[in-house]
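> With the hints as constraints, model all of the structure from the sequences given.
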Amino acid sequence: MKILVCITHVPDTTSKITFADNKFNTAGVQFIIGPYDEYALSRAVELKEQHGGTVTVLNVGDAETEPTIRKALAIGADDAIRINAVPKDAGYVAAQIAAIAKAEAYDLILMGRESIDYNGGLVHGLVADMLNLPSITPIMKLDIENGIAKMTREIEGGKESVECALPFVAGCQEPIAEWKIPNMRGIMSARTKPLKVVEPVAVADDIVYGTFTLPAPKGACKMVDAANPGELLTLLRNEAKVL
Amino acid sequence: MSVLIYIESNGSEIKKSSLDAVSYGAQVASKTGGTATVVAIGAIPADQLTALGNFGAAKVLHVTGDAFNQNAPLPTAAAVIQAAKQAGAKVVILPKSTLVDSFAAKVASQLKAGIVTNVTELPDTTNGFQVKRSIFTGKAFATVAINTDVKVITLAKNAYQGAETGGTATVEALSVSLSDTDTKTKITNVEKMSGELLLTEAEIVVSGGRGFKGPENWGILLDLAKALGAATGCSKPVSDMDWRPHHEHVGQTGVKVAPNLYIAVGISGAIQHLAGVNSSKCIVVINKDPEAPFFKAADYGIVGDLFEVLPKLTEAAKLLK
Numbered sequence: 001m002k003i004l005v006c007i008t009h010v011p012d013t014t015s016k017i018t019f020a021d022n023k024f025n026t027a028g029v030q031f032i033i034g035p036y037d038e039y040a041l042s043r044a045v046e047l048k049e050q051h052g053g054t055v056t057v058l059n060v061g062d063a064e065t066e067p068t069i070r071k072a073l074a075i076g077a078d079d080a081i082r083i084n085a086v087p088k089d090a091g092y093v094a095a096q097i098a099a100i101a102k103a104e105a106y107d108l109i110l111m112g113r114e115s116i117d118y119n120g121g122l123v124h125g126l127v128a129d130m131l132n133l134p135s136i137t138p139i140m141k142l143d144i145e146n147g148i149a150k151m152t153r154e155i156e157g158g159k160e161s162v163e164c165a166l167p168f169v170a171g172c173q174e175p176i177a178e179w180k181i182p183n184m185r186g187i188m189s190a191r192t193k194p195l196k197v198v199e200p201v202a203v204a205d206d207i208v209y210g211t212f213t214l215p216a217p218k219g220a221c222k223m224v225d226a227a228n229p230g231e232l233l234t235l236l237r238n239e240a241k242v243l
Numbered sequence: 001m002s003v004l005i006y007i008e009s010n011g012s013e014i015k016k017s018s019l020d021a022v023s024y025g026a027q028v029a030s031k032t033g034g035t036a037t038v039v040a041i042g043a044i045p046a047d048q049l050t051a052l053g054n055f056g057a058a059k060v061l062h063v064t065g066d067a068f069n070q071n072a073p074l075p076t077a078a079a080v081i082q083a084a085k086q087a088g089a090k091v092v093i094l095p096k097s098t099l100v101d102s103f104a105a106k107v108a109s110q111l112k113a114g115i116v117t118n119v120t121e122l123p124d125t126t127n128g129f130q131v132k133r134s135i136f137t138g139k140a141f142a143t144v145a146i147n148t149d150v151k152v153i154t155l156a157k158n159a160y161q162g163a164e165t166g167g168t169a170t171v172e173a174l175s176v177s178l179s180d181t182d183t184k185t186k187i188t189n190v191e192k193m194s195g196e197l198l199l200t201e202a203e204i205v206v207s208g209g210r211g212f213k214g215p216e217n218w219g220i221l222l223d224l225a226k227a228l229g230a231a232t233g234c235s236k237p238v239s240d241m242d243w244r245p246h247h248e249h250v251g252q253t254g255v256k257v258a259p260n261l262y263i264a265v266g267i268s269g270a271i272q273h274l275a276g277v278n279s280s281k282c283i284v285v286i287n288k289d290p291e292a293p294f295f296k297a298a299d300y301g302i303v304g305d306l307f308e309v310l311p312k313l314t315e316a317a318k319l320l321k
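Respectively, the protein sequence lines represent chains V and L. One point on numbering: in my numbering, the residue at position 42 of the first sequence is 42, and numbering is uninterrupted. One point on numbering: in my numbering, the residue at position 2 of the second sequence is 2, and numbering is uninterrupted.
Mixed in with the good hints, there may be bad ones.
No farther apart than 27 Å at their CA atoms in a straight line, the calculated lysine-lysine pairs in the DSSO-like style are these [what the hints assert, rightly or not]:
hint, chain 1, residue 1, chain 2, residue 2
1, V, LYS141, L, LYS16
2, L, LYS296, V, LYS218
3, V, LYS241, L, LYS15
4, L, LYS213, L, LYS16
5, L, LYS85, L, LYS31
6, V, LYS218, L, LYS318
7, L, LYS139, V, LYS23
8, V, LYS88, L, LYS139
9, L, LYS312, L, LYS296
10, L, LYS112, V, LYS88
11, L, LYS184, V, LYS141
12, L, LYS281, L, LYS318
13, V, LYS218, L, LYS288
14, V, LYS241, L, LYS139
15, L, LYS16, V, LYS241
Think of the hints as simulated: they come from the structure by calculation, not from any bench.
If you want it as structure tokens, here you go:
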């Protein structure tokens, strides 16, 4: 089985978000594999252990993302592709992934349900449509039996069981797998695993980002005496007008 | 520009987020000289559909049939795509939901449309078509230009308040054909929590954290939620320890909520939890630790022992009418 896992290179969830000259300020920010993508990768590695095959990891990014890609190789991917471009938006990234996937015929394309920086949640669906495949998201469980994937998908207020024949594209979330901590052997072997750099395909500027802003700062928190919590409800009704 | 708005029902009535989207769509249509058409899918009573005129819809395209009863993503996408073509829509508006998240990309791709998700304001159409969206889970915003002929946007929860304008909409049946790809996925079982308010739709959310010390103490939180008519959520450690089910986990990697009122009890306020609630209109924090970081993000706070404060608050809430 040939699995492609697409990963994002994103600021750690504890990062302070600021902008300098209308660009994301990376000073003091640690970058990680997108948490949802890491669930997808972990499950892909488990599926490879069960069924054999290969796991290829793909990232659209400049050379700065290579440590993140090497970490994915240390977790258990066999090889990696870096599309040498700064991601502009979901459509741009999806077109890059689809261009690779068209030539490679993967059995399964996995990624996180969304990136934790732009939260678009679109790339899996766009890639699927470009390849004329179904996309299923967000999946919390994935098993494969005789070429049929059996999945659990989160729906509003519950979950559903879904089946789909390979190939398809899926967006993943916890608890599809436990994150894997790379061991020393994985870290050593990751240094020499193949990492291919591919130049991007051209994509029209359908979506163009303009100005970045931060939310207005929050006013001071108004404290209510613990002995009289009913006062809180009065404030919520008469002052905040939310009750 | 003609506008198509997709709506959802919660089973008994059309969701508030959908009504907000209809109003939003009607505003976009009137700003740009077009009409607002709604696409409704599945069994929704006709009187609820004609009443969408009250929020500015001129026409409703109603899609029914067995293939559309399961809220399956790809058939739903097919219905929206064909409705958009029928209505000649230049703007397609999707109110954010779990289902919308699973098919929005398909709609955009098939319509050759640029798509922007999590839009928080009306578009600026003075020079092209620009929208404002939230990024970094509400920790920042960006303005984005959509340059394609057809545009698709998903509207963030509670970002736009619908208003009743009076009027009725005409309802027309729309028949939708499905491709092999649309029906390749089979739903074999559905488990829904019955009788629970949906976390993402609720006007009030009450969440608990590790301060409760164990799942056996959750009753006092549920009592408060019941008294306020609120949905309940929890912090990540609570769902990780299985005190509460995973679908109640509110935060950056769980459910993001944007209610009018968010009450956090016994939650310290890790940055990842704040990211899931920072779009709420009003935040209340109850914690025994006055140094809890959550107070910095709150509008109102009570420093006290939740086991003493909550029952008193619930009693007061019961008297509220």
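> Does each hint hold? Answer for all of them.
Evaluation of the provided hints:
Using a Cα cut-off of 27 Å, the hinted pair LYS141 (chain V) and LYS16 (chain L) is violated, with the two alpha carbons roughly 31 Å apart. Of the supplied pair hints, the one linking LYS296 (chain L) and LYS218 (chain V) holds, its CA atoms being roughly 8 Å apart against a limit of 27 Å. Between LYS241 (chain V) and LYS15 (chain L), the direct Cα distance comes to roughly 22 Å. Compliance with the 27 Å bound is thereby established for this hinted pair. For the suggested pair LYS213 (chain L) and LYS16 (chain L), the alpha carbons sit about 35 Å apart, so the restraint of at most 27 Å is broken.
Restraint check for LYS85 (chain L) and LYS31 (chain L): the C-alpha separation of about 21 Å stays at or below 27 Å, so the hint holds. Distance restraint check for LYS218 (chain V) and LYS318 (chain L): the Cα-Cα separation of roughly 30 Å exceeds the 27 Å cut-off, and the hinted pair is therefore not satisfied. A hinted pair counts as satisfied when its Cα atoms are at most 27 Å apart, and LYS139 (chain L) with LYS23 (chain V) qualifies at roughly 15 Å. For the hint pairing LYS88 (chain V) with LYS139 (chain L), the CA-to-CA distance comes to about 19 Å; that is within 27 Å, so the pair holds.
For the hint pairing LYS312 (chain L) with LYS296 (chain L), the CA-to-CA distance comes to about 24 Å; that is within 27 Å, so the pair holds. Note on LYS112 (chain L) and LYS88 (chain V): the hinted pairing holds, with a Cα-Cα distance of about 17 Å set against a maximum of 27 Å. Proximity of LYS184 (chain L) to LYS141 (chain V) is assessed by CA-CA distance (about 18 Å); at most 27 Å being required, the pair is judged to hold. Between LYS281 (chain L) and LYS318 (chain L), the direct Cα distance comes to roughly 23 Å. Compliance with the 27 Å bound is thereby established for this hinted pair.
Among the hinted pairs, LYS218 (chain V) with LYS288 (chain L) is consistent with the structure: their alpha-carbon atoms are about 22 Å apart, no more than 27 Å. At most 27 Å may separate the alpha-carbon atoms for a hinted pair to count; LYS241 (chain V) and LYS139 (chain L) meet this at roughly 24 Å. For the suggested pair LYS16 (chain L) and LYS241 (chain V), the alpha carbons sit about 18 Å apart, so the restraint of at most 27 Å is met.
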